[in-house]
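Q: Residue numbers (this note's numbering), protein chains in the order written: chain A, 1 to 113; chain S, 114 to 224.
Hint data in this document are derived by calculation from the structure and do not stem from the laboratory.
Possibly wrong hints are sitting among the right ones.
If you anchor each label on the Cβ, the simulated ranges turn out as follows [stated by the list, open to error]:
hint, chain 1, residue 1, chain 2, residue 2, range
1, S, V197, A, E44, 44 to 54 Å
2, S, R151, A, M27, 17 to 27 Å
3, S, A181, A, N17, 18 to 28 Å
4, S, S139, A, S55, 21 to 31 Å
5, S, Q171, A, S55, 29 to 39 Å
6, A, K41, S, V126, 14 to 24 Å
7, S, G154, A, Y51, 24 to 34 Å
8, A, T16, S, A181, 35 to 45 Å
9, A, E67, S, H125, 24 to 34 Å
10, A, S59, S, G153, 28 to 38 Å
Straight line, CA to CA, 30 Å or less: simulated DSSO-like cross-link-like pairs of lysine-lysine [claimed, not checked]:
hint, chain 1, residue 1, chain 2, residue 2
11, S, K149, S, K170
12, S, K170, A, K22
13, S, K149, A, K41
14, A, K9, A, K41
15, A, K38, S, K149
16, A, K40, S, K169
No residue lacks a Cβ here, since even glycine has one placed at the ideal position from N, Cα and C.
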Amino acid sequence: DTEVTQTPKHLVMGMTNKKSLKCEQHMGHRAMYWYKQKAKKPPELMFVYSYEKLSINESVPSRFSPECPNSSLLNLHLHALQPEDSALYLCASNRGPLAYEQYFGPGTRLTVT
Amino acid sequence: GQQVMQIPQYQHVQEGEDFTTYCNSSTTLSNIQWYKQRPGGHPVFLIQLVKSGEVKKQKRLTFQFGEAKKNSSLHITATQTTDVGTYFCASSTWAGTALIFGKGTTLSVSS
């Protein structure tokens, strides 16, 4: 199984809502990532989990809260988002560290209204 | 900080023509990775280069890493409509703290 799955595929939320994005992989990878991608831009790294511990937080606002319940799962909790947070949120995993190729999930298309 | 510049931003070719995208850095890179993202899709890993002067081929795709490890290129021979998408180069920092993406080259192919 070389697949990273993400749910939901699409999400529309208001600025006062709380929602969560989910990511799962069963490749035995020990590093998992969240990226944000705006249209016609490259992915921007948000968080890195290595062996279930948060190792990198790229100065992401606290309205984004990551969680790694176990080595296969990664969540991104969203609260009080702004319209400019609308983007494609990509999850990725690899053997760790960043020097290894990453496997990306299909992403969650988030719209904040 | 480390930056990876990628050109061109857009390229349109006729099917059967060749295509090349280039990545350049002012600093020595530890490695270079290449990803392809189809329209509406997600990035898919193509290849990684780590050695100075390395050249790797995948069917019609040829990847090169410069001797000084400051530049890289992806060349597609005889493009097909299935090659459409955005090609990103990316490199991890020496400290392994981030993966820096180039801005990408979007390829369109007309038949």
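Q: Work down the list of hints and note, for each, if the structure agrees.
A: Evaluation of the provided hints:
Between V197 (chain S) and E44 (chain A) the Cβ separation comes to about 24 Å, which falls outside the hinted range of 44 to 54 Å. Taking the beta carbon of each, R151 (chain S) and M27 (chain A) are about 22 Å apart, inside 17 to 27 Å as hinted. At roughly 50 Å, the beta-carbon separation of A181 (chain S) and N17 (chain A) lies outside the given 18 to 28 Å, and the hint is violated. At roughly 27 Å, the beta carbons of S139 (chain S) and S55 (chain A) sit within the given window of 21 to 31 Å.
At roughly 31 Å, the beta carbons of Q171 (chain S) and S55 (chain A) sit within the given window of 29 to 39 Å. Hint check: K41 (chain A) to V126 (chain S), Cβ distance near 23 Å, so the stated range 14 to 24 Å holds. Between G154 (chain S) and Y51 (chain A) the Cβ separation comes to about 29 Å, which falls inside the hinted range of 24 to 34 Å. For the hinted restraint 35 to 45 Å between T16 (chain A) and A181 (chain S), the CB-CB distance of approximately 52 Å leaves it violated.
Evaluation of the 24 to 34 Å hint for E67 (chain A) and H125 (chain S) yields a failure: the beta carbon distance comes to about 43 Å. Between S59 (chain A) and G153 (chain S) the C-beta distance comes to about 29 Å, which sits within the given range of 28 to 38 Å. Straight-line distance between C-alpha atoms of K149 (chain S) and K170 (chain S) comes to about 15 Å, which keeps the hinted pair within the 30 Å bound. A threshold of 30 Å between alpha carbons decides the hint, and for K170 (chain S) with K22 (chain A) the separation of about 36 Å lies outside it, so the pair is violated.
Restraint check: the Cα-Cα separation between K149 (chain S) and K41 (chain A) comes to about 13 Å, which is no more than 30 Å; the hinted pair holds. Between the alpha carbons of K9 (chain A) and K41 (chain A) the distance comes to roughly 19 Å, so the proposed pair stays at or under 30 Å and holds. Note on K38 (chain A) and K149 (chain S): the hinted pairing holds, with a Cα-Cα distance of about 16 Å set against a maximum of 30 Å. Taking the CA atoms of K40 (chain A) and K169 (chain S), the gap is near 28 Å; set against the 30 Å cutoff, the hint holds.
Hints 1, 3, 8, 9 and 12 from the earlier list are contradicted by this structure; the remaining hints agree with it.
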